[in-house]
Amino acid sequence: MTLYCGVCTLPVEFCEFGKTLKKCKAWLQEENPSLFDVLYNSNNESSLS
1 MTLYCGVCTL PVEFCEFGKT LKKCKAWLQE ENPSLFDVLY NSNNESSLS
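Just so we're aligned: the sequence shown equals residues 1 to 49 in UniProt numbering.
Heads up, a few of these hints could be off.
With a cut-off of at most 20 Å between alpha-carbon atoms, the simulated EDC-like pairs for lysine to aspartate or glutamate come out as follows [stated by the list, open to error]:
#1 K22 / D37
#2 K25 / D37
#3 K25 / E13
#4 K23 / E13
#5 K23 / D37
Please keep in mind that the hints were generated in silico from the structure rather than gathered at the bench. It should be emphasised that the depicted structure is a prediction, and the values quoted were computed from it without experimental measurement.
Construct the entire structure; sequences and hints are all you get.
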């Protein structure tokens, strides 16, 4: 089942290609924290350091 973003309406895996990534990430973190961790924390934590 595909989860669509409540901000940009894209599948959450494609939010990074839109113009509202910060808002999309905030929405996803609130709506589905476990998926947020899979999509963003594991990949971006090391690249932000």
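The hints, checked one at a time:
no.: 1; hint: K22 / D37; in the structure: holds, 15 Å
no.: 2; hint: K25 / D37; in the structure: holds, 10 Å
no.: 3; hint: K25 / E13; in the structure: holds, 11 Å
no.: 4; hint: K23 / E13; in the structure: holds, 14 Å
no.: 5; hint: K23 / D37; in the structure: holds, 16 Å
When held up to the earlier numbered hints, the structure conflicts with none and fits them all.
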